[in-house]
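J.: As a plain string of letters, each chain reads:
There are 2 protein chains.
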Amino acid sequence: MIDDRTSRNLTWHGGLVSHERRADLMGQRGGVVWLTGLSGSGKSTLARALEDRLVGDRHAAYVLDGDNLRHGLNRDLGFTPEDRDENIRRVGEVAALMADAGLIVITAFISPYRAARQRAREAAGAAPFIEVYLDVSLDVCRRRDPKGLYAKAQAGRIGQFTGIDAPYEPPERPELVLDTSVRDVTECLELMYACLSRHGVLKARPSTERVPNA
Amino acid sequence: MIDDRTSRNLTWHGGLVSHERRADLMGQRGGVVWLTGLSGSGKSTLARALEDRLVGDRHAAYVLDGDNLRHGLNRDLGFTPEDRDENIRRVGEVAALMADAGLIVITAFISPYRAARQRAREAAGAAPFIEVYLDVSLDVCRRRDPKGLYAKAQAGRIGQFTGIDAPYEPPERPELVLDTSVRDVTECLELMYACLSRHGVLKARPSTERVPNA
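Top line first, the protein sequences correspond to chains W and G. With my numbering as the guide, the letters of the first sequence map in order to residues 133 to 346. With my numbering as the guide, the letters of the second sequence map in order to residues 133 to 346.
None of these hints come from the bench; they were simulated from the model. The structure presented is a predicted model; accordingly, all values stated were derived computationally and were not measured. One or more of the hints may lead you astray.
Have a look at the derived ranges for each label pair, beta carbon to beta carbon [as the list claims (entries may be wrong)]:
hint	chain 1	residue 1	chain 2	residue 2	range
1	G	R315	W	A326	23 to 31 Å
2	G	G291	W	V272	52 to 60 Å
3	W	R246	G	V314	37 to 45 Å
4	G	P213	W	P299	35 to 43 Å
5	G	H331	W	L323	50 to 58 Å
6	G	Y300	W	E322	39 to 47 Å
7	W	R246	G	G332	38 to 46 Å
8	W	T212	G	R251	21 to 29 Å
9	W	V272	G	E322	23 to 31 Å
A virtual CB, placed ideally from N, CA and C, is assigned to each residue, including glycine.
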């Protein structure tokens, strides 16, 4: 179905459109905002809030999360360790493609393993990769339990659940650490915006130039 | 690695950003331009030329092709019939995600089977899906043979090569048919632009409003 049949025949088509032209067009540099943390730490909420604010500010942003990808690209994957690893690998690769296309991609996955996050960072290549660690205690996450998953894990109805009977490896050098039990969404958004500017994804703009939220 | 452990627990996060807001932001409607045709029919050339012109006109566009995807997302796939089928399935799903993010995605794959193309169309959901059939004779493609693949197939060095010893199923109702042996790139671009306008991806604009190519 494709026209190259062995790795010998593969050639990279760099394309006619440079990253500079895309950045100029879109008023931003494509990049990946990789949220990581326990279930209930606030990944989906912050991802959607950041996307909403970015689009309101006329930036092209898009959230990838497990719920959505599991319905499409990753619908062939189950929940074995290998399949969960492949799930995260594909997320990293799709995020890299979207960042290459000029988008600010926000991913919301527990992604508990350092090696898997490192692989996603490497996939992004030259695009900024902003690892945001939602450092919220297990106690808080269990109390929130927005999807009732901790209760199910406690009851033994799901196994290998991160924080219960599977490990979470905290990032060693994340670009940003947020504790959503002490900061509200607005504060978190301000800190994420500042981080995106610091890493060249957003151009620093005086507030008078900012387009009001739509 | 993700926080949903059985399909029962999956919920779709529609997000806060509507398609209307994205379309307003980006001045276009996200969609998929699916080029299909034999090796040598001009898919990569037209895909890159269309991307270049769209970005010159300040549209957000991106090419997915086999060469690039095989280095990343699809690097785990080989060339068995199952793997080639999975390759095209993933392309369709990634194109759908990118179109959902507001991009004009251009794919350049032989994609010889109707069922696989139909599946990609279904993945795109409500986003416009523009199937462009590059209807170029096998004789012309073999004479062009830009990658020397027909020569290799003839020599028996690669098997199951579309047009030689594997079938190509022409689209029955493509949105556009182009014969690159009788039309040049400029003509093809005009016809593709008109088709994108007709299907609502681009707004029809008077030429005086058009931003000159960068």
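J.: A separate judgement is required for each hint: does it hold in the structure or not?
T.: Here is how each hint holds up against the structure:
no.: 1; hint: R315(G) with A326(W): 23 to 31 Å; verdict: 51 Å, violated
no.: 2; hint: G291(G) with V272(W): 52 to 60 Å; verdict: 58 Å, holds
no.: 3; hint: R246(W) with V314(G): 37 to 45 Å; verdict: 56 Å, violated
no.: 4; hint: P213(G) with P299(W): 35 to 43 Å; verdict: 39 Å, holds
no.: 5; hint: H331(G) with L323(W): 50 to 58 Å; verdict: 42 Å, violated
no.: 6; hint: Y300(G) with E322(W): 39 to 47 Å; verdict: 55 Å, violated
no.: 7; hint: R246(W) with G332(G): 38 to 46 Å; verdict: 45 Å, holds
no.: 8; hint: T212(W) with R251(G): 21 to 29 Å; verdict: 25 Å, holds
no.: 9; hint: V272(W) with E322(G): 23 to 31 Å; verdict: 59 Å, violated
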